[in-house]
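Engineer: These are the residues of each chain, in order.
Protein chains: 4
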Amino acid sequence: MIIVLQRNATQEQMDYIIERVKKLGLTPHVSRGVERTIIGVIGPEDILRVTPLEAFPGVEKVLPVLAPYRLVSREFKAESSIIELGKGVRIGDREIIVMAGPCAIENLEILREIALTIKEKGVRVLRGGAFKPRTSPYSFQGLGKKGLEYLKQVGDELGMVTVTEVMDPRDVELVAGYTDVLQIGARNMQNFNLLREVGATQKPILLKRGMSSTIKEWLMSAEYILSEGNFNVILCERGIRTFEDFTRNTLDVSAVPAVKQLSHLPVIVDPSHAAGKWNLISPLSKAAVAAGCDGLIIEVHTHPEEALSDGAQSLIPERFTKLMEELRVLVKAIDRDI
Amino acid sequence: MIIVLQRNATQEQMDYIIERVKKLGLTPHVSRGVERTIIGVIGPEDILRVTPLEAFPGVEKVLPVLAPYRLVSREFKAESSIIELGKGVRIGDREIIVMAGPCAIENLEILREIALTIKEKGVRVLRGGAFKPRTSPYSFQGLGKKGLEYLKQVGDELGMVTVTEVMDPRDVELVAGYTDVLQIGARNMQNFNLLREVGATQKPILLKRGMSSTIKEWLMSAEYILSEGNFNVILCERGIRTFEDFTRNTLDVSAVPAVKQLSHLPVIVDPSHAAGKWNLISPLSKAAVAAGCDGLIIEVHTHPEEALSDGAQSLIPERFTKLMEELRVLVKAIDRDI
Amino acid sequence: MIIVLQRNATQEQMDYIIERVKKLGLTPHVSRGVERTIIGVIGPEDILRVTPLEAFPGVEKVLPVLAPYRLVSREFKAESSIIELGKGVRIGDREIIVMAGPCAIENLEILREIALTIKEKGVRVLRGGAFKPRTSPYSFQGLGKKGLEYLKQVGDELGMVTVTEVMDPRDVELVAGYTDVLQIGARNMQNFNLLREVGATQKPILLKRGMSSTIKEWLMSAEYILSEGNFNVILCERGIRTFEDFTRNTLDVSAVPAVKQLSHLPVIVDPSHAAGKWNLISPLSKAAVAAGCDGLIIEVHTHPEEALSDGAQSLIPERFTKLMEELRVLVKAIDRDI
Amino acid sequence: MIIVLQRNATQEQMDYIIERVKKLGLTPHVSRGVERTIIGVIGPEDILRVTPLEAFPGVEKVLPVLAPYRLVSREFKAESSIIELGKGVRIGDREIIVMAGPCAIENLEILREIALTIKEKGVRVLRGGAFKPRTSPYSFQGLGKKGLEYLKQVGDELGMVTVTEVMDPRDVELVAGYTDVLQIGARNMQNFNLLREVGATQKPILLKRGMSSTIKEWLMSAEYILSEGNFNVILCERGIRTFEDFTRNTLDVSAVPAVKQLSHLPVIVDPSHAAGKWNLISPLSKAAVAAGCDGLIIEVHTHPEEALSDGAQSLIPERFTKLMEELRVLVKAIDRDI
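Sequence lines, in order, name chains W, P, B and E. Under the numbering used here, residues 83 to 420 are what the first sequence spells out, in order. Under the numbering used here, residues 83 to 420 are what the second sequence spells out, in order. Under the numbering used here, residues 83 to 420 are what the third sequence spells out, in order. Under the numbering used here, residues 83 to 420 are what the fourth sequence spells out, in order.
Honestly, the hints are just simulated from the structure, not real lab data. Since the structure is predicted, the reported quantities are computational estimates derived from the model, not experimental observations. Possibly wrong hints are sitting among the right ones.
The list cannot tell twin chains apart, which means a pair is met if one copy fits it or any two copies do.
[What the hints assert, rightly or not] Below, in silico cross-link-like pairs of lysine-lysine (DSBU-like), each with a Cα-Cα straight-line distance of 30 Å or less: (1) K143 - K104; (2) K143 - K105; (3) K298 - K201; (4) K414 - K203; (5) K404 - K143; (6) K359 - K298; (7) K227 - K201; (8) K143 - K227; (9) K285 - K105; (10) K228 - K143; (11) K105 - K203; (12) K159 - K234; (13) K359 - K105; (14) K159 - K404; (15) K404 - K227; (16) K159 - K359; (17) K234 - K298; (18) K359 - K203; (19) K285 - K143; (20) K143 - K359; (21) K105 - K342; (22) K105 - K228; (23) K143 - K298; (24) K285 - K298; (25) K203 - K342; (26) K342 - K359; (27) K104 - K298; (28) K169 - K143; (29) K414 - K227.
Next comes chain W alone, as it looks inside the complex:
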């Protein structure tokens, strides 16, 4: 932590800050310049973060030196984490894991039809929403428990790993009873009580990035889960909010290599929500894979016109098949499998 003093800070103010730093058990290093004096504080920054140094008289600004996260960092664990999703599927290794399925589960028949279609193309992870966070209270909110039952039934029938969103700390136990992977949606990335709740399970957690969260905040939210003892976290970039309105969100493809540098956790990409348009899913999926992601989560629907949620961003089976074929060629070029 570096404390930059105001130009006109008094000796008394400086002495007071130094004294306070020492009381915390830390060592201050003072460097006096012509225009500013700075105090470098060596030691664990966590102690300092809870002290509002910027409120001290004479302080101009405080510059942190260390990242605020710990357990999720590459410094804590140098080798990349590989996470078992169940049914023999592992993410974070050479294989790029494709998760696919409808945005919302509408009924058993359509879900099964979609699952069969994607399984045929090699997909081993089925996604589908039972609890849907919707901007409008008047929109379809998902089938709830009934949707979970359908998802489990189809997953069991076809031997596929299942992923679904949990929105409420009260539902964690319920949802965990039906599904292999728990998804935390973008709007809940900083729902800290929900993070703690899923951190108390040992289920793999798919943590979507908040639509206006920095990479640092995203990693801090993962830290919540790890700090509860659950290290099975998969990060998911799904587009951030910017001024550009051609796409629904702006896919931050740089977040993929950034996360791989900063953290040992696997990172996947959701091109469907990022783009909001089915005709951008294929190029964005390929871009994400080329950038080094560990997986993709893609909306596929056999009848997008009838979809009760986000039909406009769903791939029809023909297009999904074509995408999978192109990805198979692409992954070889970057020395990975799919």
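Chain W is already provided as a structure; the job is to place chains P, B and E on it using the hints.
Structural biologist: Below, chains P, B and E alone, put in the same frame as chain W:
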């Protein structure tokens, strides 16, 4: 709703869309131009919103005509809502309501000291956090139930209305038992289950705008609460996330007159979180009042250096006193009270 | 400047950096911590800014300590600058200067009509565009030299200070021959050759903030003008680009007190371009004044329906009159004049 | 164009609007709904764009139906444009064109050294800045004419196409005399006079996207150049400004397929400026290629530590060589050449 067809849309595609629109009980109006054909659909847009028109073959884009919210709108209720906060305090009327207090409740003595200080300046609403949403799992998370007890005790002693945040749907009943006004924080603006839960109470709800939420989304979140039967919603602008990093967030002062045009609900401003710096609170408070807000929520601390949360953005009593004096002069110039 | 070394930086890398810093005539201070070593460099940061320290092996990041601007800063000049606009009008003092007029000059008659209208309300500065930067090559681009002539004629007739935009370094001499104040538009805030050109005149320069420029970059652009010897710069906040689309841009009202803290230059606000809607101009003008700005620049048109540019954000005379009346009351409350 | 009337618009207001629309030679189609009346206007939208419909009494909002650009659109020209850069290099075809070189030209020797290095790896286009737009007036501003001479000399010696930025309309003729491709930098994307000036040449123009420009505005800026008769425009995505600060800008990789859908012009990507960090260039280059771009422009420097501009984002030759090898494998997987 206006459906713009692709330039090369076929007659068959158009017929199909028209048929589907009619089946929904709506009336399509076709206008053929040289470059595009458009279909105007007259009728309740809610029916159409659940139909993914953009996924239909031949459709280029869909333009909504009506706002998606209803109960919160000025069209639904033309006169401005006045909300009773209890203890004789009403918001939305001529009087500008100042809410003040510490970011987090640290202990009974400091809370009482702060409350006494602000009460002396005419403040009748005391804010203080018992449950604190913190980016880091290692930061002070608030005193929880103990904090609620202190808040109630001081509120009762001094006859002040109390406001505190509720973060978890499981805590709504608990928090509602201790406080007059329930606050939904920016990070929970789209925690829809929490919105429904507070909508089921009749408590006044202070709904903070999400840091990257549009005004429309913010009003939709209020709509969730109203749609559960609770019309006592106060909107709170607290800064949005932009590229500018001199301030912690960018106070969107335009949101004040925008909300007053679009909605009958009262709107207040939180200059402390918007700025992140105590020395911007005074000018931003005055700007908010001049723009027409119905209240302010301001962090005040008697010992900001010792504050366990956000000390750097808290006003000390002297500065708060000066601000209140300036506001007293200002409100007269805009024909309001304080 | 503070150089944070990578965790695994070698002694050799550190020695090399220290040696380079010393060669530049600066003094490095090394602080070794458990997790990181940091090198504080005391001395003029300009020398270091041209050295790409982040490219050095072993460097994790570089944290600047000083602001990159100099002449525009309060540290360089503590008292606020007052700038003479001509015809007895001074900006930066107690009086809030209102500049008004049409977005684009359409013809002599309309310009004169508008000028007479606003002069009657006490406005002494007439704005009007002769060269218009337009997103589309097919939009009206302004009358050019003819527009300048009209502006000068009306300014001379009515004894009003005139302001108009210059877009091209080749036009600076021409425009300076006709007008009292030269405006640099938002899109040209980082047109550095244009900044140098206007810096070489002694005309007052109205420097609009770029729509996605930080306050720091804006001050750096002003620094370009001052560094050429022209200290007559007026900064103009006109809204920044964010995700919010209810307003055309988001008025960053915090920029007003921020600039007043950081710089001695006067700062004004353009509510018309910020909002893009005439019905927000009044509340935003009042907010800007309450926040401490030194002036306003407002679009007024007697026939907004016929305006060739931005009619939708122009005030009609009745509304402008009402705004001026309200401002007259407001400025007294903040101890200023208008 | 669709005109949405206010809920309480009068018949008189509607008649007036219809009359005005008819006078412009256009055909209004009125659709009356329960909640709103809308007027669809069929015909060339350009005529309507210059009429400020939103300023008309009774109008709530105006929704454009057609894109505002014309010559750059796929509707105007369905097949992708292939642009001759000279010396046998063509962009927009199967081959992905890599442009590389230093950010700024420092002297002849270093430029030649870098050019030789990249040529050896198959690069046929040499970039280098002679005029540098710099945020600070105190930073190195480029060698100017001397830099142009060095660039031409090295380009001629090695038979490489040369690209350099032109910042000032007065310099277009000079720069065009020395270089094969003229670059318009991000800060000048809406320097409309400069766009017209380069539009008057027949040189290939590399048009960088403004850091906060929408895709639509970027295409409008290209339209300026095409509307002057120069169809040789290459679009360059270089990152947009967002709240994320891990990268200098956020590479909007979706812009690549978006531009390919909307326009016939080739699009390339600049990963160096987008990331601001050399260690992200490789993954971003691969992502861009996988997303379908027609080329890359990459900063390479043999001595990044000594670079006078942006050393931190330059690749050293070893890393550039590795990137080129990886790209050679990758392009085959997407059926292109390099």
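Engineer: Are any of the numbered hints broken by this structure? If so, which, sorted upward?
Structural biologist: Numbers 3, 8, 9, 10, 11, 12, 15, 17, 19, 21, 28 and 29 - these are the hints that the structure violates, sorted from lowest upward.
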